[in-house]
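Given the structure of chain Y, go ahead and fit chain P onto it with the hints provided.
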Amino acid sequence: MDDPVPRPRSPLADLFLAAQSAPPDDAAQVFVQSVPFVGQVAVRGRPDDPDFLNAVRRVAGIDLPLAAGVVAEAEACRAIWLGPDHWMMVTVEGHGPVLAADLREAFAGLFAAAIDVSGARMRSRLIGPAAADVLASGCRMDVTPANFGAGHAIQSPLGNVTAIIHCLSLEPPGDGLAYDLYIPRSQVLSFWRWLEHAGRPYRLSVRA
Amino acid sequence: MNRQVWRTEAGGSGIDRGEPRSFTFNQWRLEGYAGDTVASALMANGVRLVGRSFKYHRPRGVFGIGAEEPNALLQIGTGARREPNTRATVQELYQDLLAQTQNHWPSLQFDLGSLVNAAGALFPAGFYYKTFVTNPKRWLWYEKHIRRMAGLGPPPSEPDPDHYAHSNAHCDLLIAGAGPAGLAAALVAGNAGARVILADENPALGGQLLLAPQQVDGQPGQEWAAAAHARLAAMPNVRVLTRTTVSGVYEHGHFALVERCTDHLAEPAPHLPRQRFWTVRARDAVFATGAIERPIAFANNDRPGVLLLSAVRGYLERYGVLAGRTAVLFANNDSVYNTARELAAAGMRIEAVVDPRPFVSEAAAQAKADRLHVLSGHAVVGARGWRSVRAAEVAPIDANGKVKGVTSVLACDLIGVSGGWNPAVHLHAQSRGSLAFRVDLAAFVPQSAGAPYQSAGAAAGVYDLAGCLQQGYAAGAVATRALGFEQADEPLAPPVISDPVGNAPAFWGVQASRGARCFLDLQNDVTTKDVSLAHRENYVSVEHLKRYTTLGMGTDQGKTSNVAGLALMASKRRQPLPTVGTTTFRPPYTPFTFNAMAGGRWREVGHPVRRTAVHDWHAANGAVWTDAAGWARPMYYETEGQAPQQRIDEEVLAVRQTVGVVDVSTLGKLDIQGPDAPEFLDRVYVNRFSNLKVGRGRYGVMLREDGRVFDDGVTMRLGPDHFHMTTTTNHAGAVFQFLEYLLQVVWPELRVFVTPVTEQWFAAALSGPNARAMLADLAPEVDVSNEALPMMGMAEGIVGGVPARIFRLSFSGEIAYEINVDADYGLSLWNVILAAGVAHDLKVYGTEAMGTLRIEKGHFTHAEADGRVTLGDLGLDTMISPAKDCIGKRSLSLPDLVAPGRKQMVGLIAEEGSHIPVGAQLGLNDDLETPQESQGHVTSHAYSATLGRHIALALVRDGLARHGERLYAVSPVMGERAAVEVVAPCFYDPEGGRQRG
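Protein chains in written order, with the working numbering: chain Y, 2 to 209; chain P, 11 to 1007.
Some hints could be false.
[Said to hold, decoys possible] Chain Y is nowhere near these chain P residues, computed Cβ spacing over 10 Å in every case: (1) Ala446; (2) Ser901; (3) Ala909.
[As the list claims (entries may be wrong)] So the derived list for chain Y, only partly shown, Cβ under 10 Å to chain P, looks like this: (4) Arg122; (5) Val189; (6) Leu190.
Quick caveat, the hints were computed from the structure, so don't treat them as lab data. Quantities reported herein were computed from a predicted structural model and do not represent experimental measurements. No residue lacks a Cβ here, since even glycine has one placed at the ideal position from N, Cα and C.
So here's chain Y without its partners, still in its complex pose:
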């Protein structure tokens, strides 16, 4: 039989292709960018277990954030606090299974778990002056920059789904804030419909 090279596929692939071929809207106040494939690993462990925290530090070079809603950054990955014993580590495309395996090995004998969930959520990024307004139209949490700034993440109903929303500074610093949205894969198309609706007053536009 043929053995074609398997390719990952994002539910948003066609939409983004179509949207990107449209001329850019100069009046747009908010833009959405898709970064469909990132490595994602669910990390579980006790925050008061130094062996667990050390194991993560050893493998990923990162100190897991222990305060609610905080995101820690390292060179090759970031760790998003999702709960007192639950983090999501984000890494580059294709690296999820590797990171999960390395962590599992380091967790031997510990009460801790690392699960590759790279396919479970799709990531999109919102940028532009009205990005926080778009979020506010679907999120009951206070997502204004004064309350929810760079380096923070929340898991909250957003429009018609439950999303992880991570606020980060654009490079170079001072270029404003961006919001990475991690949306459950099965609902990402429905979320897109909501995003189009919520972004309409701000002339939401797609950027490559």
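Chain P alone, transformed into the frame defined by chain Y:
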């Protein structure tokens, strides 16, 4: 040619005379200016008659100047954008606006419905109730006629073409109303650094400052307001929302606001939402919502040309419009005297100022000295005219308001009325603040003690400008300091020039004579007589009074009428007004469209569809969809010229004879890890999992705490401390929540992590005699022999080039493998499977075929385990491990769960050629007519192409002992019946040899 003959030569702070706007009112083309409302533009053109009343079809004109308007309800726009019942007093004018009157036939000028007016004695309060309570059948005939006669404008029948937005906002202080008090509060709080939201329903801030000539700090009021607006808009911590009504107050600092974004625009940009619904969480709030002027009841006080006095003044000040040529002004307070001077200065003839107070106030004396015709101790007792006021009947009254002398007739075309003011306490009352009645104001005011939020300015019963500003500053400072902002200093209130304010004593109306109507509620045609009638008929509760007479109902909810009606009720009962009380204030403050609330959250925007990784393939290949717990799943695949059942049969037979593949990604999947995971599963499932070998799976059932079956599925042991649990599609979320609850609350000592991974995996099930050979093709590196990969075994390896977990388990009763891969690669795997399937006669099947296959095997789903059923009822109680405890086990000895007569799962087989009606009950005979005791009911039914017969699963009373019995499936609803034989639930390969082969 300018036909705006009622427009003054100059003046009108709210309009731009350089920006004319033409618009259409019924068949007439009229002109107004930018800044006009529809009401002010109509009045500028001399239009008096703007509608017919609700019940009596009497001619009506503009009565107020803002949200309180009861009369001037128009349809604005056309087609799908036609908006009925729009208050002309708040609808801003735009170029080519189309306004139409409503509730008349054949025309506004000549309305046959007004014959009801002549026959009005036949239609007292409670008319419908009295007429139809004895013979409800008559209602069926009358209803359509009454509905046409009564009522307001009809809604458009087309779908709404506009879009609507939602927004959530958080602030320290929400201020409702941006008159002098609200502006003052916002300035203090904004300066102190608090996050402030200031909302006002009008396009410009200033409230009463815009409607009467006053001065603040040496500036005209509207200029001071505009400067304050500019200062607030420049503060990054302040959000000013114009055209935004604070509509509802809810618990825990939750407020609902409605912003009208484009209703004032002729051609709104398509990206703009028509309205935005704001959900605001505020730590504190100040209600500076102002006050609403109240009318005085006299005979025919509903004639076009009878207006609230403040409206008469406001139309002149704001819009440069004279509400009449010759006026009689009727007021029980001193605001009338300055108004009279302003109107006279603008060219209006003031025929008389009628002041019912039994004394001459200082302002009245001054007015008399200024040669105004002041009639103290007099009242307007009636209006003359039909489509417009022609004269006022004026008579002297005594201290009790009784007419005591000769009535004189003063020719006029305008009667301006003021009976004092009622604070707009709606938001305060909604927030569960209580009301106090102040006799000096004859008004209900907010009781500040115990109230969750402060009211300030006229909303708190402070009517003079200096007092409003002072109270606004104070309220802003108090709130801001309480929120922890230290530098909240209240500035000194600036000097002002404004009206003298005299108290407005209670004066609700004059006695009607000659059967003429004195209206309380103009919108609902409720007169003083209706309230008297309700009193005579022993209506005591004000809530009952409201519903019996309709006083205070409709789009204005009695903003101008309620208190007067309650006062009349109180006087009839000889009780003080506070004893009678008020009706409950409920949101919304003013009506708004349902779509603003829905905010576009309909169809998929509101209700997400869950799609598997190969959704698009299903769609492109004729999938007919079903909803399974939010997932879109193919039921079967449509082919042109093929009946659905034929296709389903083919899919079933492929699985039985060759091989089929089905997308099973929707099953719930939980990753369960930790040293105590085996013990945890033993406690959760009825059967044991701690003795399961690594690399093997087991079918498990979990119960609810009450002993009924909760969920089932196969759990695989991936490692000593690591399991992969599958749940049903329906209960994926509920099972996760329940397990998490058990770990957090019931057994916190167990070291287990449960992580939902449903979204991570795409899963395809291959089943059928050819499945093994096909899997061998797909995964050449994996040993798929029965020895290496037996039933309930698993393997990890590369399938179709993708890393996969292969679980061998079977729902269909055939050899079957569930292949799981990262969902990103789902489509890739699917295409490889289909390509490999060509050589093995592979067919894709859907949930219908899957359901048929499982019914043939007698596997239960939620159709059988419907929340009332135990494992024993399903014939599976041998699964329950006797050696250990589990959730729900102790409940199994409850008397009801062991009593005879429980419904138990059986199979049903129909005679050849007959089918089993869906939803059928099971009886002892096939009589459709005579009710009989149900023996049970059909839970799932299918045509089995394998057996060539219709089969079903059913829950039958004591069914396990009734195999072989003949019953009748009867469906009186469908008019169908069939003889069925009760059999064991497994119809096909009961020994299970095929799936183990």
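Hints, one by one, checked against the model:
| no. | hint | result |
| --- | --- | --- |
| 1 | Ala446 | 35 Å, holds |
| 2 | Ser901 | 31 Å, holds |
| 3 | Ala909 | 43 Å, holds |
| 4 | Arg122 | 7 Å, holds |
| 5 | Val189 | 8 Å, holds |
| 6 | Leu190 | 6 Å, holds |
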